[in-house]
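Student: Residue strings, one per chain:
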Amino acid sequence: MTQESIERLTAELKESYRGAVSAKDGMLMLVRLPEVHFPPGCQPESTEALVALDPTKPKPDFYIRVVPATRGTQPQHGTAVVGGDNWCTYSFNLRWTEDHTALQFVEGMLRRFA
Amino acid sequence: MRVPSHLWEQLWPEVRRPGEHEPVVFGLVSHGVTPRGTIILVRELVMPPPTAFVRAAGHGAKWTGAYNIALLNETLERGLGIVIFHYHPGRADVQFSGDDEASARQLLPAFQVVAPGRPHGSIVLGESSATGLILLPNSSTLTGEISLRFFGDGNVVTFPRSKAKPEDLLLHRRQPLVAAAVSKSRLKDATIAVVGLSGGGTQVATQLAALGVGEIIGIDAQRVTGDNLVATDAFGWADILLSRRKATALRSKIWWINRRVRFTPVNALVPERPAIEALKRADAVIGCVNNLKSRADLQEIAWRYCIPYIDIGLGLYPLDPDDELSEIAAISGNVFAAVPGGPCLWCTGFLTQEKLEKEAGNANRSYLRTTLSQNNRRPAAYVSSFNGVLAALAVSDALQLLLGYAPSLSVRKQYDALSGTIAEIAVQKNPACPKCSDVLAAGEPLWQ
Ligand SMILES: [Zn+2]
Ligand SMILES: [Zn+2]
Chain A
1 MTQESIERLT
11 AELKESYRGA
21 VSAKDGMLML
31 VRLPEVHFPP
41 GCQPESTEAL
51 VALDPTKPKP
61 DFYIRVVPAT
71 RGTQPQHGTA
81 VVGGDNWCTY
91 SFNLRWTEDH
101 TALQFVEGML
111 RRFA
Chain B
1 MRVPSHLWEQ
11 LWPEVRRPGE
21 HEPVVFGLVS
31 HGVTPRGTII
41 LVRELVMPPP
51 TAFVRAAGHG
61 AKWTGAYNIA
71 LLNETLERGL
81 GIVIFHYHPG
91 RADVQFSGDD
101 EASARQLLPA
111 FQVVAPGRPH
121 GSIVLGESSA
131 TGLILLPNSS
141 TLTGEISLRF
151 FGDGNVVTFP
161 RSKAKPEDLL
171 LHRRQPLVAA
181 AVSKSRLKDA
191 TIAVVGLSGG
201 GTQVATQLAA
211 LGVGEIIGID
221 AQRVTGDNLV
231 ATDAFGWADI
241 LLSRRKATAL
251 RSKIWWINRR
261 VRFTPVNALV
271 PERPAIEALK
281 RADAVIGCVN
291 NLKSRADLQE
301 IAWRYCIPYI
311 DIGLGLYPLD
321 PDDELSEIAA
331 ISGNVFAAVP
341 GGPCLWCTGF
351 LTQEKLEKEA
361 GNANRSYLRT
371 TLSQNNRRPA
381 AYVSSFNGVL
391 AALAVSDALQ
401 LLLGYAPSLS
411 VRKQYDALSG
421 TIAEIAVQKN
431 PACPKCSDVL
441 AAGEPLWQ
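These protein sequence lines are chains A and B, in that order.
Taking the working numbering, I'd label the letters of the first sequence as residues 1 to 114.
Taking the working numbering, I'd label the letters of the second sequence as residues 1 to 448.
Bear in mind the hints are in silico, worked out from the structure with no lab data behind them.
Errors might be hidden in some of the hints.
[Unchecked claim] Partial pick of chain A residues on the chain B-facing surface, computed with a CB cut under 7 Å:
#1 Val21
#2 Ala23
#3 Leu30
#4 Glu48
#5 Gly83
#6 Gly84
#7 Asn86
#8 Gly108
[What the hints assert, rightly or not] Lysine-lysine pairs mimicking DSS-like chemistry, simulated, CA-CA at most 30 Å apart:
#9 A/Lys14 with A/Lys57
#10 B/Lys293 with A/Lys24
#11 A/Lys24 with A/Lys59
#12 A/Lys57 with B/Lys429
#13 B/Lys293 with A/Lys57
#14 B/Lys355 with A/Lys59
#15 B/Lys253 with B/Lys358
#16 A/Lys59 with B/Lys253
#17 A/Lys57 with B/Lys355
#18 B/Lys253 with A/Lys24
#19 B/Lys355 with A/Lys24
#20 B/Lys184 with B/Lys293
#21 A/Lys57 with B/Lys253
#22 A/Lys59 with B/Lys163
[As the list claims (entries may be wrong)] Which chain B residues face chain A? A few, computed with CB under 7 Å, are given here:
#23 Gly65
#24 Ala66
#25 Ile69
#26 Glu324
Owing to the predicted nature of the structure, the values given are computational and were not obtained by experimental measurement.
Backbone N, C-alpha and C fix where the C-beta goes; we use that ideal spot for every residue, glycine too.
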């Protein structure tokens with residue numbers, strides 16, 4: 001992603017999610033979203049999320065605090081230390097390019113649990 | 001305050017460089033918060049050019065307003081704070097001069113206005129002491145309660161040193177391994193986290209207890225199983241009978257060895273939050289884990305907060321990985337002490353993105369890499385003594401860090417258990433290592 005895209009996406013995330021904060025961490029731009037909502041039927045219904053914008057990658061990385069149970073089972077996931085904190089990761093091949101918006105990225109990633 | 005070795009190597013000669021004016025070096029700092037206090041981490045140094053200085057009356061240095069603004073812009077851009085370092089000669093404990101204090105009281109609040117989220121400070125370094133004033137974020141009072149830690153090639157030095165009599169200091173300098181006043185207090189003041197309490201980690205912890213390390217933090221979420229009994233002498237049959245957690249069982253064992261040692265059990269996996277919080281307050285971390293992902297996480301946390309990280313691991317490699325009854329081709333172990341500012345596990349190629357991805361795709365993360373280990377028929381291997389060798393080497397490295405009895409740690413030790421030999425492999429820092437540039441001394445991100 002270009003530096004301009006990173007700046008645009010950071011601004012979009014802060015605009016779309018109330019209480020969103022950002023921090024530079026080495027090469028990364030991290031944006032923390034206090035609350036994102038899972039699709040209906042998930043337990044819990046929402047969680048905290050983190051978007052990591054890396055200039056060396058074509059897409060942002062998405063992390064959530066807890067992985068929800070969908071229809072009673074918890075999907076496979078991993079853990080990652082990002083910005084010195086522990087986050088959950090999961091794989092989901094979202095078609096997303098720099099032409100799309102940050103909101104499309106986050107809501108698209110959350111559809112994994114629909 | 002912590003200064004990684006590569007920065008200390010530049011800072012120390014620069015502040016003592018003879019010249020027209022008292023040399024000043026600016027440290028750009030991040031920070032992290034622990035229950036013990038705030039850790040200030042020096043991420044980068046800025047050496048002002050001679051043109052930045054203006055002649056000052058009295059003691060100390062003054063620099064131009066234009067330079068000040070350029071410096072402040074840079075810290076603001078990077079989300080860092082500023083610490084001013086200078087030097088006072090002489091053997092006695094250094095003191096802040098009246099000019100030093102007046103200038104700190106004027107400058108630090110001004111820095112805080114520009115970058116309120118990070119600490120700022122002024123430090124004077126002496127031959128064997130340091131003092132200064134710090135202004136922490138969200139605080140309007142300057143504090144002089146500081147300790148400065150810098151890393152050498154093979155040891156850790158923390159100022160202020162605990163008070164010692166001159167004869168005790170002399171004894172320590174000549175015979176650092178004698179269990180006398182100075183070495184005892186250095187070990188007693190240390191907190192060491194041991195991650196992974198199986199064959200290696202338990203033997204590390206019991207040896208640390210014997211040495212009198214003040215606090216041992218034992219991190220592991222598992223319970224003792226039969227396999228553990230042939231891998232270490234730290235657990236017994238009763239631990240299995242009671243299905244005790246490893247960290248809890250080890251606490252009893254440690255108490256019997258040395259009841260002055262505080263053992264803090266943490267029943268969590270790295271990188272769960274209780275584990276991260278416990279690691280942050282350690283003076284050194286010894287990782288005894290059996291997979292690369294955990295090593296990567298430990299290296300990341302250690303580098304972020306400038307904590308020495310000692311890594312051990314043992315692998316058993318079959319001749320033919322597809323044959324369940326294959327003979328063993330090699331049993332090899334590794335011990336590597338990463339000192340902040342020196343080479344890390346990524347620099348040495350021990351960790352690579354490719355290796356991590358390969359491991360993630362392969363469910364087998366066992367010490368025993370035979371196919372037998374993939375199902376429940378896995379037999380335990382008699383490796384207590386091999387783990388013991390690695391544990392002893394790791395504890396020796398920790399002892400070296402704290403007492404400084406040998407010159408250097410920049411080698412990786414490779415243990416060949418079949419032949420019973422240890423090879424030393426030279427390691428070098430990789431100037432292009434992303435972890436050493438992006439993560440080292442990064443502290444906690446500054447959210448805004
Ligand atoms: Zn001075
Ligand atoms: Zn490195």
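Student: Each of the hints needs a verdict: does it hold here or not?
Tutor: Okay, the hints, checked on the actual structure:
no.: 1; hint: Val21; result: holds (4 Å)
no.: 2; hint: Ala23; result: holds (3 Å)
no.: 3; hint: Leu30; result: holds (6 Å)
no.: 4; hint: Glu48; result: violated (12 Å)
no.: 5; hint: Gly83; result: holds (5 Å)
no.: 6; hint: Gly84; result: holds (5 Å)
no.: 7; hint: Asn86; result: holds (4 Å)
no.: 8; hint: Gly108; result: violated (23 Å)
no.: 9; hint: A/Lys14 with A/Lys57; result: holds (21 Å)
no.: 10; hint: B/Lys293 with A/Lys24; result: holds (24 Å)
no.: 11; hint: A/Lys24 with A/Lys59; result: holds (17 Å)
no.: 12; hint: A/Lys57 with B/Lys429; result: holds (25 Å)
no.: 13; hint: B/Lys293 with A/Lys57; result: holds (21 Å)
no.: 14; hint: B/Lys355 with A/Lys59; result: holds (22 Å)
no.: 15; hint: B/Lys253 with B/Lys358; result: violated (37 Å)
no.: 16; hint: A/Lys59 with B/Lys253; result: violated (50 Å)
no.: 17; hint: A/Lys57 with B/Lys355; result: holds (19 Å)
no.: 18; hint: B/Lys253 with A/Lys24; result: violated (44 Å)
no.: 19; hint: B/Lys355 with A/Lys24; result: holds (27 Å)
no.: 20; hint: B/Lys184 with B/Lys293; result: violated (35 Å)
no.: 21; hint: A/Lys57 with B/Lys253; result: violated (49 Å)
no.: 22; hint: A/Lys59 with B/Lys163; result: violated (55 Å)
no.: 23; hint: Gly65; result: violated (27 Å)
no.: 24; hint: Ala66; result: violated (25 Å)
no.: 25; hint: Ile69; result: violated (21 Å)
no.: 26; hint: Glu324; result: violated (28 Å)
Consistency with the previously given hints fails for numbers 4, 8, 15, 16, 18, 20, 21, 22, 23, 24, 25 and 26, ordered from lowest to highest.
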